[in-house]
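Combine both chains into one complex, guided by the hints.
One letter stands for each residue in the lines below.
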Amino acid sequence: MIKVDWDLELYGRDLTIDAIRKHVGELTIVEASKRGDIDDVRTQSVNEEGYVWLEGQPEDIVQFCETITSLGIRRNLRLDLRLVVSIYHTEDYRFVVDPSILRRFADLEMNIGVSFVDMTSSMNLDVES
Amino acid sequence: MLSRNGEKTRTTHRPYTPSLEVKNMIEPVCVAEIFGENFKLKKSDPLIRGFKLKVSKGSAHERTRRTPAVGENPEHCTTVEGKITSLIRFLEKLMAHTSASDVSEVFFTEILYYNGQCNTYYKVHELAKLAKMGISLGVTSELDESIQIEFSAHELKIAR
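Chains as they are written, first to last, in our numbering: chain F, 398 to 526; chain S, 99 to 258.
The following block holds chain S by itself, in its conformation from the complex (with noise of 0.2 Å):
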């Protein structure tokens, strides 16, 4: 959190505990970007069933806030989309199937969305499954006006 003249505070710094009540909050959402030229997955493929995920052709780079690479041909990329749990199970169960060989490169990005300000914690067996499968991280925003911002009883007191 930051204070008027734009320094961090302690008081607030604290992501884990936020004190502030989000309302009309939208659920983050998590993005696989699959690259490879033979790489095909169909929304009724055994890999995706079970998981609610949801597959489309080409890349989201756009929304992923992704710098393509030279060179890169969205064709050649299947785009899966769903909640961070779901997402890494299923990348789980791909590397481990004989279609991973056809996969060239995988970019997986959470959007989180905010007005203002939004936190988010990644827990550890998350961090060690995208390690493990050699894939990164990556995390972006998107603002969201609707979502509103209400201070509890206890901020408002410490305000005053």
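Same shape as in the complex, but just chain F (with noise of 0.2 Å):
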């Protein structure tokens, strides 16, 4: 079964889920962190920017995108936007982004990063061990 997830990673030095939990309409918000958390106790090392990682159909992300940029929130806060598209068990599958989405991403200057990741390789089970 070919599971396809679409992934939009924010980063920003003052961004904190609040500045944007209102205009993420259908996206989920899978993760979240704001400048000052303790990253990991182990090492005690502290996040210098807020970090936000929203899940959610192309067309939701690309609306967010589109809503957080002319509301001037990607500016003020000076947002790095990584949309990562990520694609589970790969085998004949074709994955196809349509023109018109392309033209909406080019147009918020942002790029599409694509993953192929197996989940019966050991590559991928033995990493995190």
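Some hints could be false.
Just a sample of chain F residues kept apart from chain S, beta carbon distances all over 12 Å, derived [stated by the list, open to error]: (1) V438; (2) G453; (3) R491; (4) T517.
Now the stretches of chain S that chain F is said to cover, found in silico as 3 or more residues with beta-carbon under 8 Å [said to hold, decoys possible]: (5) 174–184; (6) 203–214; (7) 221–228.
Computed spacing ranges between beta-carbons, pair by pair [said to hold, decoys possible]: (8) F:V443 <-> S:M193: 18 to 28 Å; (9) S:A198 <-> F:G433: 25 to 35 Å; (10) S:A194 <-> F:E423: 36 to 46 Å.
Keep in mind that the hints were calculated from the coordinates and are not lab data.
Don't be surprised by glycine CBs; every beta carbon is placed ideally from N, CA and C.
Have a look at this one:
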């Protein structure tokens, strides 16, 4: 079974989830941390920037990006937006993005990251152990 | 990246900064399947001259994992392949040429070679150019067991 996840990661020095929460619409907030949070108890490293990870459908992601851009949130918080499409169970699958969606991401000055991940691969099981 | 229970983890979910060293990586190949009953492209054609691209007759739908349309005639297809930059530049040249009127449809696919995982990204200007030509971006992957993944010293330290 092919599984395709569209994820949007936002980074910004003063980004908090409250700054964007009302605009996320149908997107799921997977993770959020703000500047100053302790990232790892063992090493006591501190996040130097706010971070939000959203997941959802391409149309919802592009709409969210258009909204925060047009409202000036992206510029004011100097947000770094990273779009990543992860494709799991990769056999015989062709991932396709329609030109109308390509146009909108290009207008937003955004790249599209693509990852193919074979969940059965030993590499993907061992790395987290 | 996935943890043992199959969930994604933030720490390694960064396609832009791959932390694993990949040996014997095969470069991705971009394939354009150009359909048109009267469209012809010879290897010596001025349109293709100057580009490092391979031209062949017939569709490449098995390699590109594309489901052929009902009634699609593979004999009315020309396949052009090479690096993404060259292929996009060629398509732009083609679309601005009179031959474009003989083209009915173009399928653009990048084939990535992987062994477990592969990451890539498409730059803004590439997306803009494809969108301007009305061409979809297709991406597929092909298993290549000759690719070796080596964990860097930093990665091994984290794993411990």
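How the hints compare with the structure:
| no. | hint | in the structure |
| --- | --- | --- |
| 1 | V438 | holds, 14 Å |
| 2 | G453 | holds, 14 Å |
| 3 | R491 | violated, 4 Å |
| 4 | T517 | violated, 9 Å |
| 5 | 174–184 | violated (count 0) |
| 6 | 203–214 | holds (count 5) |
| 7 | 221–228 | holds (count 6) |
| 8 | F:V443 <-> S:M193: 18 to 28 Å | violated, 51 Å |
| 9 | S:A198 <-> F:G433: 25 to 35 Å | violated, 56 Å |
| 10 | S:A194 <-> F:E423: 36 to 46 Å | holds, 40 Å |
Hints 3, 4, 5, 8 and 9, counting from the list given before, are not met by this structure.
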